[in-house]
Amino acid sequence: MCFLFLCLFFAAIKAAVLIQRWYRRYMAHLEMRRRYTWNIFQSIEYAGEQDQLQVKLNRHLFFSFMLDNFTQLNGNGPGELLDPLIDPWLDRETCFDTVPVPDSYAGPRLSFPLSVSDTNALLNAFKDQQTLHARYVLQLLYETKKLLRQMPNIIHLSTSYTKDITICGDLHGRLDDLLLIFYKNGLPSAETPYVFNGDFVDRGKKSIEVVILLFAYLLLYPDYMHLNRGNHEDHIMNLRYGFTKEVMLKYKTHGREILQLCQDVFSLLPVATVIDGKILIVHGGISDQTDLDFLSSIDRHKVRAKRCRLTRQDSTVSSSSSSSSSSSSSSTLCSPRTPSCLSPRPYPLSPIMPYAVNILQVPFLDSLSSVSPPSLPQHEREWKQVRVAEIQTQYFNFSLFCHLTLDSPLQQIVDILWSDPKNQDGCSPNTFRGGGCYFGPDVTQRLLLQHGLRLLIRSHECKQEGYELCHGGQVITIFSASNYYEEGSNRGAYIKVGRELVPRFYQYQVSRTTRKLTLTQRVRAAEGSALRALKEKLFTHRSELVSGFHHASFPGTVSVSEWAQVLESVLRLDLPWRTLRPHLVHLAPDGSVEYQSCFEDMGSGIQLVTPNLAETLFRYRTDIEIIFNIIDKDHSGLISIEEFRHTWRLFSAHLGVDIDDRAIDDLARSIDFNKDGSIDFTEFLEAFRVVVCPCIVCMCVFTLASCPL
Amino acid sequence: MRRFCAPKKAKKRTAEGANSNVFSMFEQAQIQEFKEAFTIMDQNRDALLSLKTCNDLRRRLNVKQEEIDEMLKEAPGPINFTVFLTMFGEKLKGADPEETILNAFKVFDPEGKGVLRKDYVTQMLTTQADRFSAEEMEQMFAAFPPDVAGNLDYKNLVHIITHGEEKDQE
Chain A
1 MCFLFLCLFF
11 AAIKAAVLIQ
21 RWYRRYMAHL
31 EMRRRYTWNI
41 FQSIEYAGEQ
51 DQLQVKLNRH
61 LFFSFMLDNF
71 TQLNGNGPGE
81 LLDPLIDPWL
91 DRETCFDTVP
101 VPDSYAGPRL
111 SFPLSVSDTN
121 ALLNAFKDQQ
131 TLHARYVLQL
141 LYETKKLLRQ
151 MPNIIHLSTS
161 YTKDITICGD
171 LHGRLDDLLL
181 IFYKNGLPSA
191 ETPYVFNGDF
201 VDRGKKSIEV
211 VILLFAYLLL
221 YPDYMHLNRG
231 NHEDHIMNLR
241 YGFTKEVMLK
251 YKTHGREILQ
261 LCQDVFSLLP
271 VATVIDGKIL
281 IVHGGISDQT
291 DLDFLSSIDR
301 HKVRAKRCRL
311 TRQDSTVSSS
321 SSSSSSSSSS
331 STLCSPRTPS
341 CLSPRPYPLS
351 PIMPYAVNIL
361 QVPFLDSLSS
371 VSPPSLPQHE
381 REWKQVRVAE
391 IQTQYFNFSL
401 FCHLTLDSPL
411 QQIVDILWSD
421 PKNQDGCSPN
431 TFRGGGCYFG
441 PDVTQRLLLQ
451 HGLRLLIRSH
461 ECKQEGYELC
471 HGGQVITIFS
481 ASNYYEEGSN
491 RGAYIKVGRE
501 LVPRFYQYQV
511 SRTTRKLTLT
521 QRVRAAEGSA
531 LRALKEKLFT
541 HRSELVSGFH
551 HASFPGTVSV
561 SEWAQVLESV
571 LRLDLPWRTL
581 RPHLVHLAPD
591 GSVEYQSCFE
601 DMGSGIQLVT
611 PNLAETLFRY
621 RTDIEIIFNI
631 IDKDHSGLIS
641 IEEFRHTWRL
651 FSAHLGVDID
661 DRAIDDLARS
671 IDFNKDGSID
681 FTEFLEAFRV
691 VVCPCIVCMC
701 VFTLASCPL
Chain B
1 MRRFCAPKKA
11 KKRTAEGANS
21 NVFSMFEQAQ
31 IQEFKEAFTI
41 MDQNRDALLS
51 LKTCNDLRRR
61 LNVKQEEIDE
71 MLKEAPGPIN
81 FTVFLTMFGE
91 KLKGADPEET
101 ILNAFKVFDP
111 EGKGVLRKDY
121 VTQMLTTQAD
131 RFSAEEMEQM
141 FAAFPPDVAG
151 NLDYKNLVHI
161 ITHGEEKDQE
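Protein chains in written order, with the UniProt record's numbering: chain A, 1 to 709; chain B, 1 to 170.
Don't take each hint at face value.
When the alpha-carbon atoms are kept at most 20 Å apart in a straight line, the in silico PhoX-like pairs for lysine-lysine are as follows [said to hold, decoys possible]:
hint, chain 1, residue 1, chain 2, residue 2
1, A, 496, A, 163
2, A, 14, B, 155
3, B, 64, B, 91
4, B, 64, A, 14
5, A, 14, B, 91
6, B, 35, B, 91
7, B, 106, B, 118
8, A, 252, A, 205
9, B, 64, B, 52
10, B, 52, A, 463
11, A, 496, A, 463
12, B, 106, B, 155
13, B, 106, A, 14
Covered stretches of chain B (chain A as the covering partner; in silico rule of three or more C-beta atoms under 8 Å from a C-beta of chain A) [to be verified]:
hint, region
14, 54-60
15, 98-110
16, 128-137
Taking beta-carbon pairs under 7 Å as the criterion, some of the chain B residues facing chain A (in silico) [to be verified]:
hint, residue
17, 33
18, 36
19, 37
20, 40
21, 124
22, 143
23, 161
No lab work stands behind these hints: they were computed from the structure. All C-beta atoms in this analysis are idealised placements derived from N, C-alpha and C, irrespective of residue type, glycine included.
In isolation and in its complexed conformation, chain A is listed as follows:
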């Protein structure tokens, strides 16, 4: 009897051990899944920036050109776009007074100078999902611009006049996070001063509301509210990452004006803040070239990417670089630092060799004329030709462009806005982002010592806990957009710092579901979203991958190792492929990988087109969307097939995308679902998304809109 009892006793222990070990393993795996999901989101986000320099610049130039010319064609008049000698930002006084506000408008009616009742009205309105009328947006932006003009590049704050200063990082259009911060920490006031460290817009759906609030408080309390510029406060970024689209959707008629004013305001935002001469706050980071004194002295609003310019008189092209008055609104800070730029002291743009261009032979002038309104007056047409030729020149001389160094002010600002810290010493070009650099602990140490600083606070990178320390505690990354990649992906945080200058961290996370999700559910949801994004990425490189598989050791079968190697060599995302394998691809009974199975689960649009075309469309989906948004001036969601074809041809020609016209024609015809000559591009884009993989059981609903692509 006793023996039996002992047996049972040991059996119980053995069973308990089994269960405990099994459950713990499950939790450890869950943690790994959480982490690799994070890795996937980050890799894809940064990989999007990793296009070859050439492609990047081409793309930027193309979209600048598009924007210029479509703005022109929009009937906004020649204005400053045709006359490059006037500095446009000075003259964009808007006649917001002439914008009528109907009696039926129930939203806030601001009166300037703003008072607390105005900002409270804004808060309440936005909580109620209302939109501020364009007239007030324009006026607010105009007043903000006037205020910012008086501010220096670097703002100096002191804790002796104020209580604890609160420092927030990227918000990226997340109104909920901003409201949560105000709720937890208090509204901006003399008792609660704030520094917002850039990236207020893009990605999130409420970017305009976020900036309205931030600017309103800036106007209300210019001594207690401080804004730094981020790399997303830039119009090319806005075109690509959603701010432009959001504004145009919400403010159809006045959207463009609002955007143009926003760009002016963005270019006037200070680039750095210093607290008590000890804590430096910038959006991105620093480089070994960073010189705070020099940075204080430049004209920050005039710093733009250089364009070589044509003189009107001769038909031969000669270029001169002028550092201040550049020709249009479409310049950007997105110029990347080139790897060849290694000299310690950059020198100004070297002139491009003159060459003759026969203006009439510019190829896409014809295409353009088919989408433009009929007859432009003579001088306008000439200018358009010259502008077009200007772009042509740049494309032609693109390889020269690559070797030009950025001039000093631009480089300083790009570094401040785009750099990331790294763990190893030294300073190397930030190839991930295509701008700024990676700066090591020694660079930090040197700069802090040089200026008598103690700490660098920056943002620019999403962190799971909302903040992270590095460089032995000398650098803090602060990020204030929770759930950035997906519901549950990360917390947001802010810093409070008082006279003792010791930072304290406060974390939070906005929750969109009323039911609290378990850890497992949250991981599953985020994982599902990440895997979908990853599959789309795989799809955009399908032909390369398949060709890689064909070269594997045995034709027809690919081992797991080989599969992983091919994936890494093509995609270079540095992800745990073996661990991810079950989610991406099936195994054959003999253990080899059925590599075609990872290209299933694609949207219905794939059926309509050839595999090559599908892949290209996937890869350029973001660009196509931008093209759509530029062409669709009235934001009906429809564009004409003709416009699409022409624009696509331009785009593919200038980016060297290898796709023939006939394929595009076929595509255009097949996506004109109702055969009326117009494309509903929302439908079109939906057709090229990955459908939900049925094998991943998702326990909660989330939107595809939060997909990082």
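Based on these hints, arrange chain B on the given structure of chain A.
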């Protein structure tokens, strides 16, 4: 991934004893998977796990502090892949088939009702063998809540976890 030392080098570096044999304990494919797991945990990509990460893992897998300390004596400081493998390899590897775990639960449910009382489960798991902490127990019940009567449907629990795990390991 490129930073990992080949097994031979690892053997040279570590002291004699369990560590030097750790690579022979696992199959090649398993080691590759562990490498990936290591890389996932290695957030700053310097081929070392921070002590904080290590402690997190240790707690999750219930590796005793003494065991860690023992190994850390030979390789002090942040953890490289070999040490990681030694410490956590055994605990991380393997997938118990559904049947095995079900039978383990059934030891406590001789009548085969399919459910266990929450208090009993708590007692069984927190007081013997590799005891669960109160936190772990709470976490389990948060993820797999018992019904209003206080009964835990262990069949469902096992099914969900195993089939979730299967996705990872196939």
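What are the numbers of the hints the structure violates, in ascending order?
-> The structure conflicts with no hint, since it agrees with every one listed earlier.
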